[in-house]
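> Put chain C on the given structure of chain R with help from the hints.
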Amino acid sequence: MRRILIAAAIVLLAFLLFLPLVFVFAQALRDGWHTYVAAVTEPDTRSAIRLTLTIAAIVVPLNVAFGIVAAWALTKFEFRGKASLTTMIDLPFAVSPVIAGLIFVLLFGNSGVFGAWLKAHDIKILFAVPGMVLATLFITFPFVVRELLPIMNAEGTEAEEAAVLLGASGWQTFWRVTLPSVKWGVLYGTLLCAARAIGEFGAVSVVSGHIRGVTTTVPLHVEILYNDYQMSAAFAVSSLLTIIALVTLVAEHLLQGRIR
Amino acid sequence: MGRRTHVLPGYRITTGLTIVYLSLIVLIPLAALVVKASTLGIAQFWETVSAPRAIAAFRVSFGTALAAALVDAPIGLLVAWVLTRYSFPGRGVVDAMIDLPFALPTAVSGITLTTLYAEHGWIGAPLARLGLKVSYTWLGISLALAFIGLPFVVRSVQPVLDGFERELEEAAHVLGADRWQTLWRVILPGVFPAVLSGVGLAFARGIGEYGSVVFISGNMPFKTEIAPLLIVTKLEEYNTSGAAAIAMVLLIGSFVVLFAFNRVQQTLQRAA
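Protein chains in written order, with the numbering used here: chain R, 9 to 268; chain C, 251 to 522.
To be clear, the hints were calculated from the coordinates, so they are not data collected in a lab.
Only a predicted model underlies this, so the values are computations on that prediction, with no experimental measurement involved.
Any given hint might turn out to be false.
[Stated by the list, open to error] Here are a few chain R residues that sit away from chain C, every Cβ distance over 10 Å (derived from the structure):
no. : residue
1   : M9
2   : R10
3   : P51
4   : I66
5   : G117
6   : W125
7   : K127
8   : L187
9   : I219
10  : D236
11  : R266
[Claimed, not checked] Facing chain C, from chain R, some residues (calculated, C-beta under 8 Å):
no. : residue
12  : V32
13  : V103
14  : G123
15  : G207
16  : V214
17  : I251
Even for Gly, the Cβ is constructed at its ideal location relative to N, Cα and C.
So that you can see chain C by itself, here it is in the shape it has in the complex:
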């Protein structure tokens, strides 16, 4: 490949500029994180990231992100199904609104959900009467993350359902499958990789999410403190290497999640 001459001009200048810009803005700063975390040495690094408060924060972040992504799976599938298969008044508006969690600044989502679900909030008050506390609990964090993650699932599933061969469903029907059989045997296996991909993206995003969660979480160390907030706390205590260590674990965690979901999805698609 390298020896081939390029027909179009600008190969050197555009690849060169891209690499320089990417290095300055993204790669060198990220390298600084790796370097900083490695100056700690293995023993101290381990001590920092395995401290009870850190472990608790990782559990909150990874646990709520997974719970939220799993909740998003059926809701996202249902919404994507309704949007691709049925036409009803206001469908265009609903479709456009799906991206609201992407478009709305996270601080706005954060204070809005917190106030809505607080003990005296519009939804929080009736729920409190049922004995359910949302804001400042695990449930609240998961709710905020489910809000943030929903578009990932819907937008992953929608194109697949859209392109799904109607013939396949019709064939199943003609061959005598009833509606449930068609759903369970034909449609769900067909969209499963896309759902998984959306869940993976929502999960990974949830792990590092800050703005929409930090208000509703209540930030009680050991209980509702998320890992990104622990990073901020360490920074405020001028403990930059501690912050870097927590950040490394969080970063590797999101990469592993993204990579694993990607792998499973590819395997499933190849099998199909």
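Okay, chain R solo, but in the shape it has when bound:
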């Protein structure tokens, strides 16, 4: 019985998870190593990588900082409306990525709420980097908070209260008492946030306007190559994202041990 169940689980996972993984690399290297290198170093790919990293570099620090702030507010204090606030933080998880993009089109598009004003002042948010940053901020906001809430709830507030009673300032308490005890949780949340910021497709696709070489992130570049029937190039660029995903998985696994 035991062997049958293990075998069944492994066969299912092999088809559902492992095979697609192997397939990405097989397709990426289908036309040889030179084609692969050419695909991942061509100018459009390089500008897509630059844009993706730029967006992540803006989004991740903001969401980590505000994630910590929100987790502090939600775990160190009791106040009315705390439960609803916690639910609202989870909202982006329940929203389709396409809708996450759409809402920023409704705000900043030509016929949007701020459309006329933005046009008059010649500020471009939609179909430009700021819109893509906003959509990514929306999608990735819950990750750090979600990771920190259970850890900080379990830690309680006694250590911090002792520190404050002994004369530590708020900052000192945070840096010396709270942060050291939740640092692996912060790192874990950061990792999830970064991975999603790099890989987000739907939301970014809606607000990007698909301007090749300008508002194309790596996942959007994959789509363009695929729709151009440049299969090995599409999979070559995909393989970069896959490697990032695999590194994330390994790091998550290692961190989980630390957190427990």
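Quick look at chain C alone, frame taken from chain R:
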């Protein structure tokens, strides 16, 4: 509560910052959707969301998401069981890999599954010989959604199985229950709420899923067009209020699913 003074500093600044940030990034943008959809007026809103093409898209999105979540239930339960109960070489790797669908960018999952299951693909070709078409059909969409949803079920069930009291199973055994009876009467009822919770999460995620589905779906209006794609199509036609109306239905649909599954799960847990 409000009158209690807080021992720790930072109450005002952290709650204030959280509310401001959340409003700017999440709440105000979502409010824009509600406002936009409401400018249509009830008659026109209804006309938009009940148009045959919209109804077809909702049926594809909700139907395939439910089918995928239901397929994920037994597979997820089996995988969670094997991972928590047995030790075998490579278990750690398998366990880490469960989250691959979360970690892999959806566009990559999308083009990979599409090519794998296309008529000349590694898996698609043998299946085509059996007369089974996967890519660009309902089946393909469900497959992509099952891929995306599997971690939800496994990760919901795993901690429950892990914490399940061995004594309970042993007691059942000592009292004369055979293995099947223990499974059906003790273990399955015990993990059912967790399975349900995972299915609910997978279902809700599937309703709005875009990247992993849009490649494999083939996007034939009335047949394999998913609701999120219809939103994109309406946007490309500069029909923002139409897009907002479809989005409202989709959003409410996912909330209802999440809420309903949550409710049932809580009721079951209280009964247990």
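> Out of the numbered hints, which ones does the structure contradict?
Violated: hints 1, 2, 5, 14, 17.
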